[in-house]
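Novice: Each chain, written out:
There are 2 protein chains.
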Amino acid sequence: MAVCEILSVGTEILLGDILNTNCKYLSTELANMGISVLHHVTVGDNDERLAEAFNTAMSRSDIVIATGGLGPTPDDITRDVCCREFGFDLQFNEEVADNIRCFFKTKGYNMPENNLRQAYVPVGGTVFMNDNGTAPGLGMKKDGKCLVIMPGPPYEMAPMFKKSVEPFLEEYRTCTIVSHEIRTMGIGESAMAQVAGELLDSENPTVAPYCKMGESLLRVSARAENAEKANEMAMPIINELKARLGDYVYGIDVKGVEESVVALLKEKKLTVATAESCTAGLVAKRITDVAGASAVFHCGFVTYANEIKEKMLGVKHETLEKYGAVSAETAREMAEGARLKSGADIGISVTGFAGPDADEEGKAPGLIYLGLSAENYLTAEKLETGRNDRDFNRFVSASALLNLLRRYIEKEI
Amino acid sequence: MAVCEILSVGTEILLGDILNTNCKYLSTELANMGISVLHHVTVGDNDERLAEAFNTAMSRSDIVIATGGLGPTPDDITRDVCCREFGFDLQFNEEVADNIRCFFKTKGYNMPENNLRQAYVPVGGTVFMNDNGTAPGLGMKKDGKCLVIMPGPPYEMAPMFKKSVEPFLEEYRTCTIVSHEIRTMGIGESAMAQVAGELLDSENPTVAPYCKMGESLLRVSARAENAEKANEMAMPIINELKARLGDYVYGIDVKGVEESVVALLKEKKLTVATAESCTAGLVAKRITDVAGASAVFHCGFVTYANEIKEKMLGVKHETLEKYGAVSAETAREMAEGARLKSGADIGISVTGFAGPDADEEGKAPGLIYLGLSAENYLTAEKLETGRNDRDFNRFVSASALLNLLRRYIEKEI
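Protein sequences, first through last, are from chains A and B.
In our numbering, each residue's number is its place in the first sequence (first place is 1) plus 9.
In our numbering, each residue's number is its place in the second sequence (first place is 1) plus 9.
In short, the hints are calculated from the structure, not lab data.
The reader is advised that the hints may include incorrect statements.
Copies of the same chain look alike in the list, so a pair counts if it fits in one copy or across any two.
Unchecked claim - Taking lysine-lysine and the PhoX-like style, the derived pairs with C-alpha atoms no more than 20 Å apart in a straight line are:
{"no.": "1", "residue 1": "K151", "residue 2": "K221"}
{"no.": "2", "residue 1": "K350", "residue 2": "K325"}
{"no.": "3", "residue 1": "K325", "residue 2": "K275"}
{"no.": "4", "residue 1": "K331", "residue 2": "K251"}
{"no.": "5", "residue 1": "K350", "residue 2": "K320"}
{"no.": "6", "residue 1": "K277", "residue 2": "K372"}
{"no.": "7", "residue 1": "K391", "residue 2": "K278"}
{"no.": "8", "residue 1": "K221", "residue 2": "K154"}
{"no.": "9", "residue 1": "K251", "residue 2": "K171"}
{"no.": "10", "residue 1": "K391", "residue 2": "K275"}
{"no.": "11", "residue 1": "K150", "residue 2": "K171"}
{"no.": "12", "residue 1": "K278", "residue 2": "K238"}
{"no.": "13", "residue 1": "K391", "residue 2": "K171"}
{"no.": "14", "residue 1": "K320", "residue 2": "K331"}
{"no.": "15", "residue 1": "K391", "residue 2": "K277"}
{"no.": "16", "residue 1": "K420", "residue 2": "K331"}
{"no.": "17", "residue 1": "K251", "residue 2": "K391"}
{"no.": "18", "residue 1": "K172", "residue 2": "K150"}
{"no.": "19", "residue 1": "K116", "residue 2": "K171"}
{"no.": "20", "residue 1": "K238", "residue 2": "K320"}
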């Protein structure tokens, strides 16, 4: 298996000004090609330390991928140092220069003369055109070793990798790894792992549990000679896990529960209206994060104050007096109000204490009530996150409300 | 100046499963102590490669900070390998063991026996108790070199660094760097840099421009023997930049414009209601991200469909027919409606095309109208982001609306 090393160049990374997301992106992509990454190294824009890091990397790895330090200013030295150490001369390239000129022209800017520095490329190397910036990527192969240099900005680097670098590295591919995520809600990571049982010991596909922001997921990764075969291997395991986890599974390879919800609403031709207190717009925002949500989402109410819950949603004064704003009763009336006031098929609601402020009713942060109202259907659910973390509580209660909606549609409609 | 190297340990980082945020956090903290970070290195949970990376790091740096690989399972080898290579024996420590037992007891879990592996600590080293997990941090000093080992999870590592490791490294501190951020909106990065002019060349404090998500900011960093003196040096520069940038500045060291807006509303004892179309709750969500926002935010309307704009906000049917939903006229009526229907002092609104869908009116994604209504005041503003990026357009138009509100309060009230 080919060994690769990722060399990040940039003093701003060492100063903590920039989070190195390129390393993670490249590591995932290389793992999926069956190329082994054994080192990540970051150095600043310094000739001596970069040369040392480059030579160390080349001595122990088959492939070195360097990112960053390809700008037009004199402190950008990655190309010069790496090509010099690898033994490649540089030459001015008219096609690259035209590309750079064209980039500025399209944007309507004047090109600073020093940008043409970026048009020098290694003799005998491969140039990867940059669709989102001016510095081209560069590839060189020599004596069984391979060097790839790419610009640092992630929105330039990632498309360049997919379009040009992945094909350039094709000969090193040992397999194709395809991963799918089974996303669940309402079951903890360890309980989920218990249900997955002996499947977690499977070697190919592998099954790995993760948790994040109140959700648990299983990643199923299959390794084969191509994507089609890898998918064929993954499918039976995914289906078995789905069968075992049942209702907890809200989607496969979706970005979040909102994606599943919007798809379901579209399929069933239903509309939804939201009434939010503690999440204050986050549920509506997440539904409409999904492009095309306008077909199923018509309106939302953000009712923070009690008087507004009465005025906008018709929550009864006595309900608020007797049970408080954070109660199953209020959640139900909010959901009912959202549905009736908007004319949507379903109304959903959330009211709770996100924290960190102590509340006047003496209830703990993380106590949330969710409501759902449809014709001939009305329910409320209680959620206790046990955490005094405003962002977490808001996100998790929005997720739980969307999941309540998903389960309602799947079961009742 | 002391040189430090950050050594991250974990195969999951090399596989791309985890984003290495520890490196960024530690780099920032060390820079602020005047300690120079020249290398970041990541290796997997492998004895040979970890030992090699450790010895290389120790040979070229005064301080090595290793994170990750301190778990209770046999593949967690960071402590054993680093202590062995640095020449420190391990010994079972009762106090640490009690801490671990206590951690499990508090959580109500049974402690797996292998967790006591984490109670072995270097003889002659310093133990940093872990307030958020079981693996303690470890510090060793020998022959003018210093080794720090910390657990990998960021929520364990960062508090441990602040509480114990920063004091442990105090002798290496050469200065204190204090940074402040001047946050602006409505002016591009290069125009802002032009206004900052010769101040960008200042060496101490330094002034550096950044841009992110439609905003520009200037970071002023002063270096002195302590924080008080650093702040004294930074203040005149900050005041000068504020004077030059005037109305573009929406806050200093705030998390976002919502923080400035909530503070202003509180100060002036004003309430606001929102009417959102394309942002669909994001403005309300961002206002209420600020703890204590309930004093100034009573309600919000998310009006996605045209009929809902009429029904909930009283936007005139003829206005929508004649000018379309994405127009200054509609924005004004939405803001007016939000204010009148809710009884708030100010109503703000946003309507636009976030993309990526082509719209039925033939207008380009990124065209947004903002509205603001108060007693005897009504305005609308047009915003063109020029981008077909849904998330970006939604975030930037929410920011611009909050900024419109800020400018209104500062100027008119």
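Novice: With reference to the structure, classify each hint as holding or not holding.
Specialist: Now the hints, each set against the structure:
1. K151 <-> K221: neither (43 Å within a copy, 40 Å between copies)
2. K350 <-> K325: both (14 Å within a copy, 18 Å between copies)
3. K325 <-> K275: neither (32 Å within a copy, 29 Å between copies)
4. K331 <-> K251: So K331 and K251 fail the 20 Å test inside a copy (43 Å) and across (51 Å) alike.
5. K350 <-> K320: Classified as both; 11 Å inside a copy, 9 Å across copies.
6. K277 <-> K372: The answer is neither: 38 Å in one copy and 30 Å across copies each exceed 20 Å.
7. K391 <-> K278: neither (28 Å within a copy, 34 Å between copies)
8. K221 <-> K154: Result: close neither inside a copy nor across copies, 39 Å intra and 38 Å inter.
9. K251 <-> K171: So K251 and K171 fail the 20 Å test inside a copy (31 Å) and across (43 Å) alike.
10. K391 <-> K275: neither (27 Å within a copy, 32 Å between copies)
11. K150 <-> K171: within (19 Å within a copy, 46 Å between copies)
12. K278 <-> K238: neither (36 Å within a copy, 64 Å between copies)
13. K391 <-> K171: This pair counts as neither: shortest intra-copy Cα distance 45 Å, inter-copy 37 Å.
14. K320 <-> K331: Answer is within; shortest intra-copy Cα gap is 18 Å, inter-copy 31 Å.
15. K391 <-> K277: neither (27 Å within a copy, 37 Å between copies)
16. K420 <-> K331: Neither. Shortest intra-copy (32 Å) and inter-copy (44 Å) distances fail the 20 Å Cα cut-off.
17. K251 <-> K391: For K251 and K391, the Cα distance exceeds 20 Å both inside one copy (26 Å) and across copies (48 Å).
18. K172 <-> K150: within (18 Å within a copy, 49 Å between copies)
19. K116 <-> K171: Cα proximity of K116 and K171: none, with 24 Å in one copy and 45 Å across.
20. K238 <-> K320: So K238 and K320 fail the 20 Å test inside a copy (59 Å) and across (54 Å) alike.
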